[in-house]
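Residues per chain are reported as follows:
2 protein chains.
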Amino acid sequence: MDAEQTAKAARAASAGAALAGTGQKNAALRLMAERLAANRTAVLDANAADLAAAKEAGQPPHLIERLRFGEKKIESRIRCLRKIEALPDPVGQVFRSDRRPNGLEATRVRVPLGVILMIYEARPHVTVNAGAFCLKSGNAAILRGGSEARQCNALLGALWREALRENGLCEDAIQVVSGSHEEVDRLLRQAAYIDLVIPRGGKGLIQAVKDKSAIPVIKHFEGVCHVYVDDGADISTAIRIAIDSKCLMPAVCNAMETLLVAESMADHLPAIVEAFRAHGVAVRGCEATRAAVPGVEPATEDDWRTEYLDMIVSVRVVADAGAAIAHINTYGSHHTESIVTDSESRARRFVREVDSAVVLVNGSTMFCDGESLGMGAEIGISTDKLHARGLMGLEELMSYKHVVWGSGQVMGEWGA
Amino acid sequence: MDAEQTAKAARAASAGAALAGTGQKNAALRLMAERLAANRTAVLDANAADLAAAKEAGQPPHLIERLRFGEKKIESRIRCLRKIEALPDPVGQVFRSDRRPNGLEATRVRVPLGVILMIYEARPHVTVNAGAFCLKSGNAAILRGGSEARQCNALLGALWREALRENGLCEDAIQVVSGSHEEVDRLLRQAAYIDLVIPRGGKGLIQAVKDKSAIPVIKHFEGVCHVYVDDGADISTAIRIAIDSKCLMPAVCNAMETLLVAESMADHLPAIVEAFRAHGVAVRGCEATRAAVPGVEPATEDDWRTEYLDMIVSVRVVADAGAAIAHINTYGSHHTESIVTDSESRARRFVREVDSAVVLVNGSTMFCDGESLGMGAEIGISTDKLHARGLMGLEELMSYKHVVWGSGQVMGEWGA
Chain B
1 MDAEQTAKAA RAASAGAALA GTGQKNAALR LMAERLAANR TAVLDANAAD
51 LAAAKEAGQP PHLIERLRFG EKKIESRIRC LRKIEALPDP VGQVFRSDRR
101 PNGLEATRVR VPLGVILMIY EARPHVTVNA GAFCLKSGNA AILRGGSEAR
151 QCNALLGALW REALRENGLC EDAIQVVSGS HEEVDRLLRQ AAYIDLVIPR
201 GGKGLIQAVK DKSAIPVIKH FEGVCHVYVD DGADISTAIR IAIDSKCLMP
251 AVCNAMETLL VAESMADHLP AIVEAFRAHG VAVRGCEATR AAVPGVEPAT
301 EDDWRTEYLD MIVSVRVVAD AGAAIAHINT YGSHHTESIV TDSESRARRF
351 VREVDSAVVL VNGSTMFCDG ESLGMGAEIG ISTDKLHARG LMGLEELMSY
401 KHVVWGSGQV MGEWGA
Chain E
1 MDAEQTAKAA RAASAGAALA GTGQKNAALR LMAERLAANR TAVLDANAAD
51 LAAAKEAGQP PHLIERLRFG EKKIESRIRC LRKIEALPDP VGQVFRSDRR
101 PNGLEATRVR VPLGVILMIY EARPHVTVNA GAFCLKSGNA AILRGGSEAR
151 QCNALLGALW REALRENGLC EDAIQVVSGS HEEVDRLLRQ AAYIDLVIPR
201 GGKGLIQAVK DKSAIPVIKH FEGVCHVYVD DGADISTAIR IAIDSKCLMP
251 AVCNAMETLL VAESMADHLP AIVEAFRAHG VAVRGCEATR AAVPGVEPAT
301 EDDWRTEYLD MIVSVRVVAD AGAAIAHINT YGSHHTESIV TDSESRARRF
351 VREVDSAVVL VNGSTMFCDG ESLGMGAEIG ISTDKLHARG LMGLEELMSY
401 KHVVWGSGQV MGEWGA
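Line order of the protein sequences matches chains B and E. If you number the first sequence the way this note's numbering does, the last residue is 416 and the count never jumps. If you number the second sequence the way this note's numbering does, the last residue is 416 and the count never jumps.
In case anyone wonders, no lab produced these hints; they're calculated from the structure. Treat each hint with caution, since some may be false.
[As the list claims (entries may be wrong)] Here are the computed lysine-lysine pairs in the BS3-like style, where the Cα-Cα straight-line distance is at most 27 Å:
1. E:K210 <-> B:K8
2. B:K212 <-> E:K219
3. E:K212 <-> B:K219
[Stated by the list, open to error] Derived CB-CB ranges, DEER-like:
4. E:W414 <-> B:D267: 47 to 55 Å
5. B:V94 <-> E:A291: 37 to 45 Å
6. B:M1 <-> E:H181: 56 to 64 Å
7. B:R40 <-> E:G322: 38 to 46 Å
8. B:A291 <-> E:G408: 24 to 32 Å
9. B:V252 <-> E:D320: 48 to 56 Å
We treat Cβ as the ideally placed atom computed from N, Cα and C, and that holds for glycine.
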């Protein structure tokens, strides 16, 4: 890969991508789904080769796990392609319209951002996902997956090129690249051709991209997510939400890591800890939790800041909703939090004062999810505040234009 | 000024600013308007001192002009403060709401970005304007005007502190700072405390801020704006729009710099040039324009890229709408363009294919203006695509939160 050439090719392809018809884009998504199904064996083989190489290189188990792209994951990507095909085309959507007193019709119309660079570790499924999101939203994509996934990604890139070419779209609209770290660093300086960088992966990767990039970055950082059990909450609801938030998918970023319990609810700590244990969750607790329940490991200051991504939970007793909010804003990662409460006023205070992308009342943190919240699907979860916060779907990959329809209006008085 | 201390103080103030009531913020805006009126003489004196120093330092005339903050400008700032007071409070606005099949109510609620740093040259009126926008939108502001405007800005900063303090708001919510270039560079590295930088001024300033900033930047670049007179357009409408776009306020960024004329409309070139000359505009033209009208100076390649901000226009004959679009996308600055046409299909093509923040059909480029387009007022005009494009009003200074209201929903099946 030559970074500048890749970026220029993407920029050139982006003009056509922006103007491509919905039918054309959907046909390419459909063909990609078909090719993925037809080439299942080749994809599995490429992934097996990547896995073998990674194991031989002594890569850590969690990386090996993320690298795995088996039958089930392929099926899930095919479903995802069909889902994105079915979503409305965001390009050209008029999302605001205001007739002005002078007769001007002031509208805002969604347009693609242009060229989007995704940098991610392992996870070949992102190569399918991100390509599909960028294609549907009329953006050109440069997809740079981890070098561990090189063979599988190269094959997926070839399938994308076919799907684009056979539908009359420019092959460079989705470029799957490998290339050295130096070439990636050079990509991050192509601000003249690339409009947005989305890094996904570990904290180190994201911070390195942010530090080196001359292009705007939307970060997808970790999730240290909380559930707070408020004074007077229904305890069976609270336990159900806590178990769902922790146990359903412990390895996702919106899984709960810390449960906060109002002091007045401390009598329920044994039941809470018992429920966690019954589901195989190891509990670490503050002093009050440990005093209330035998055998709970101590939680250190570090625990409050830790994204376990595992069947571990830390539990802390706090004075009240205000203390819970303070804990979350201090130790959390501004991702996803939930309050379980019967109090309307404390619910309103919690959603107002907690500084996180997604704040739920009486709901599981698992609902920080594109499909659950009506966005169809998501390409990621932004932990930034600018442009897009929280779930990023098709709309969040768009910019807009002010389009103003007139009939000869001018501002000044110019006589005849 | 100590950069880190300033940034930390702004961050600390931002929490209170975000939660401040509408009445409290409006009272501070009202008091600022009153104090500005009451301290008119002191403001004029401070500005006179700045002007004298700038003249003595041999500053160029256009900078002296922008530095001037006379009676009329003070009046206009007082009106602006009252206008912003009257605008709806964007904090807490629910701008999307979707009841999901499982009963969850998924909403999006506007929240402030946090801390906004404005860096601008001269123009003391920005100190009033930007402070008011940030206050109303619940953000904390750090305002760093040009050192030429130091005395006037220091006085305006003191008035802001009074207006905040007397209404129970933290004084640090609007900090007007001076400080060396080195301190500004240090400010630009305070990404832990500052959420957004908005530079306003010359290309050099904006590029320097962009290059040095570790904080996201929304650029306010120049406007090389166009009007295109399409085949078959009503010529008197076209001339009226061209004159309004060029002559009403030639020094603003949305003033037209180049008029493009369809070949089939070349017979009207003498009338067009005559109209410009009658309004005191010097015309530079392409070969075809010069062949059609005697005495037109030649336009060079450079002219097509020049923001005159003056009573000068360049005129170019182009084959058709496609050639006009190509010229605009090649030479323009993606700011504001207008087509004068009777053709619905060519109007639709123009608004779709021109890659600019504001695209008008049969309207003057002067309407790239917050009030004209129903936004109340604007803090600036973004030439970026991310977060905010074109006019930036209160809403564009906001982020949002996903707030989800449930009644005990979980995603998994957990039995009794």
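A quick look at each hint next to the structure:
no.: 1; hint: E:K210 <-> B:K8; verdict: holds, 21 Å
no.: 2; hint: B:K212 <-> E:K219; verdict: holds, 19 Å
no.: 3; hint: E:K212 <-> B:K219; verdict: holds, 19 Å
no.: 4; hint: E:W414 <-> B:D267: 47 to 55 Å; verdict: violated, 22 Å
no.: 5; hint: B:V94 <-> E:A291: 37 to 45 Å; verdict: holds, 42 Å
no.: 6; hint: B:M1 <-> E:H181: 56 to 64 Å; verdict: violated, 38 Å
no.: 7; hint: B:R40 <-> E:G322: 38 to 46 Å; verdict: holds, 45 Å
no.: 8; hint: B:A291 <-> E:G408: 24 to 32 Å; verdict: holds, 29 Å
no.: 9; hint: B:V252 <-> E:D320: 48 to 56 Å; verdict: holds, 53 Å
In this structure, the earlier hints numbered 4, 6 are contradicted, and the remaining ones agree with it.
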